[in-house]
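Quick note, the sequences are listed as chains F and G, same order. If you read the first sequence in the numbering used here, its first letter stands for residue 2, the second for the next number, and so on. If you read the second sequence in the numbering used here, its first letter stands for residue 7, the second for the next number, and so on.
Derived from the structure by calculation, the hints contain no laboratory data. Idealized CB from N, CA, C, for every residue including glycine. One or more hints might be untrue.
[Said to hold, decoys possible] Listed next, with one range per pair, are the computed distances between beta-carbon atoms: (1) F/GLN76 x G/ALA187: 16 to 26 angstroms; (2) F/PRO218 x G/LEU229: 40 to 50 angstroms; (3) F/GLY140 x G/LEU243: 29 to 39 angstroms; (4) G/GLY245 x F/PRO303: 28 to 38 angstroms; (5) G/ARG41 x F/PHE106: 36 to 46 angstroms; (6) F/SER130 x G/GLY245: 57 to 67 angstroms.
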Amino acid sequence: MFLETATRPDFGAEAETKRRKTRQRPTPIHDTGVDRVFMAGVYILLTTFLLLVLVPLINILASSFSSPAAVSSGQVFLWPVDFTLRGYEAVLGNSDILTGFRNSFFYVVAGTLISLALTVMIAYPLSRSELVGRRALIGGVLFTMLFSGGLIPTYLVVQSLGMLNTPWAMIIPAAIGAWQVLIAMTFFRSSIPAELYEAAQLDGSSDLRFLWSVVLPLSKPLLAVIALMYGIGQWNQYFSALIYLRSEDLYPLQLVLRNILVLNNNAGGTDLANQLERQQLADLMKFSLIVVSTVPVMLVYPFVARHFTKGVMIGSVKG
Amino acid sequence: MTAVLDRQVAAPSGPSEAPEASGPRLRRRLRRRLRRHWQLYLLLILPVAHFVIFSYIPMANNVIAFKDYNVVAGIWGSPWVGFEHFERFFANPVAWDLIRNTLMLSLYGFLAGFPIPVILALALNEVRLRFFKRTVQLVTYAPYFLSTVIVVSMLILIFSPRIGFMADFLGFFGQDANLLADPESFRHVYVWSDVWQTAGYSAIIFMAALAGVDPSLYEAARLDGANRLQKIWHIDLPGIAPTIVVVMILSVGGIMAIGFEKAFLLQNPLNLSQSEIIATYTYKIGLLGADFSLATAIGLFNSVINLILLVAVNIVSKRVTGNGLW
Chain F
2 MFLETATRPD FGAEAETKRR KTRQRPTPIH DTGVDRVFMA GVYILLTTFL LLVLVPLINI
62 LASSFSSPAA VSSGQVFLWP VDFTLRGYEA VLGNSDILTG FRNSFFYVVA GTLISLALTV
122 MIAYPLSRSE LVGRRALIGG VLFTMLFSGG LIPTYLVVQS LGMLNTPWAM IIPAAIGAWQ
182 VLIAMTFFRS SIPAELYEAA QLDGSSDLRF LWSVVLPLSK PLLAVIALMY GIGQWNQYFS
242 ALIYLRSEDL YPLQLVLRNI LVLNNNAGGT DLANQLERQQ LADLMKFSLI VVSTVPVMLV
302 YPFVARHFTK GVMIGSVKG
Chain G
7 MTAVLDRQVA APSGPSEAPE ASGPRLRRRL RRRLRRHWQL YLLLILPVAH FVIFSYIPMA
67 NNVIAFKDYN VVAGIWGSPW VGFEHFERFF ANPVAWDLIR NTLMLSLYGF LAGFPIPVIL
127 ALALNEVRLR FFKRTVQLVT YAPYFLSTVI VVSMLILIFS PRIGFMADFL GFFGQDANLL
187 ADPESFRHVY VWSDVWQTAG YSAIIFMAAL AGVDPSLYEA ARLDGANRLQ KIWHIDLPGI
247 APTIVVVMIL SVGGIMAIGF EKAFLLQNPL NLSQSEIIAT YTYKIGLLGA DFSLATAIGL
307 FNSVINLILL VAVNIVSKRV TGNGLW
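Okay, chain F solo, but in the shape it has when bound:
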């Protein structure tokens, strides 16, 4: 009932476009001759930067679609030479890679859900000023950003919990990020009006009920940002796997990638007649593998680019 009267937090897409419109101000400085030279410099600088970032990416993409021989002899620059999909066939035919994909998907989904739940569970109470010991708890969270236990002491904890070589080791030890807690806390404090809580309280709503039926529905953009942060972090990480996992059928994609791409462990045999060809295919496959393993991240990138920026900005506001 109080929902209708509530104003939405200033975080949605409508607010963003409105803000963007009002921010469009007329060029405040009249361009003089000096300014024209200066602006030319700005455009040259930015174009250079754009190319520096773009060229390596395009090179990888072009190589991944080229023939094994062209890749191995270094003929590819920005356009595929002798277009073929053989690299992708090799990637999709490799059972280690497919296992890695499956494991990573599991770690991302399970890990993100757990991280999201834990983050809301700590950030929401911390955003409420009635909470006894609030400042001390926030201090405790912040301190973990400045000082950490270190590799071996953390390893000993994971070991004593019996998590070594289980999927839990990938998900639980790093489940909460202090940074994400801060972002969520700042959001709850600044975007959920106190009047809303008072109205809910008059209607007899408990704290949990209020969190579930009012705060969370109003916080969808925030939840999306945090889920993306955790999800991408989980997808990209290999360190936990490196230290906590032994059996290869638990390996996430990134560790499989490291074994193939960095350590150069080819799945190839030793048949001498085919060796050259195998070597060439192995080279090509590396390019295709880079592309394939990045596809999931690039699929969510449009959402990321839209929401992440705001997440970074909220994070930059001191709470």
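Dock chain G against chain F, hints included.
What follows is chain G alone, placed relative to chain F:
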């Protein structure tokens, strides 16, 4: 319903009694506050337990740096040995190489990586072509989301003497082609690939700060006949100075915490003299060599230096600029 209303009425009278509240009364009020919001405390149990188990117990576990840890006796049962492990570490000539490598890598990274996002943000802020601005932002932002494994793999492929296009490019300038096998080049590859990956992302925070600069300042500058460069120097830069300081302190705090992941992946036997840093050495000594106590001592030394640096920079920055993290 009436109960809720009663409590509503009762609540405001609480704080007004505060000055003359005596001990037992205070405790009673505290208990009432706890009971009233018990659900909030219920929510806190799991995440707080997580912080205790995975952040604070590891901090306590650092005591094994001062003990001779053995698995049978456990962390608290193992005998104390004082600073023996620290002495053992510093007696090893490798120690100074590690410290030098770690410091050089992060200082270089800081000096090269810090100004570029600021310049990028200032330049983007001048651009009026929406499409161009968007494109540059979207593209430079993207590499941040590539995993370290992927970035290192790209480096290995692109710099590979046989396959990569950079080999031809460097050869043109008479440079030795195989940078990853050359210890002298390791630092440059490490730092500039980092800049490549993170500059677009780091620029966002400065873009946000620039959007918050008071537009009336620009109008004043216009009346005074300032050109663009003067506008940047006298309005934009002072406007984002607090943000710059905070970001700077944060990166100084990370100076000794230079990432394990990338150095470890970029390492090979040929560049080890420059690429072995404290983090990678700790991993090798501790997890591969199973010398838990020595590895913990090295890690603790690293974390403590890091904390001291962070606190020191914050103090200096507060004195000098008035801005700090806390």
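Status of the hints after comparison with the structure:
1. F/GLN76 x G/ALA187: 16 to 26 angstroms: Hint holds: Cβ distance 23 angstroms, inside 16 to 26 angstroms.
2. F/PRO218 x G/LEU229: 40 to 50 angstroms: 48 angstroms, holds
3. F/GLY140 x G/LEU243: 29 to 39 angstroms: 33 angstroms, holds
4. G/GLY245 x F/PRO303: 28 to 38 angstroms: Holds, since G/GLY245 and F/PRO303 (Cβ atoms, about 30 angstroms apart) stay within the stated range.
5. G/ARG41 x F/PHE106: 36 to 46 angstroms: 44 angstroms, holds
6. F/SER130 x G/GLY245: 57 to 67 angstroms: 31 angstroms, violated
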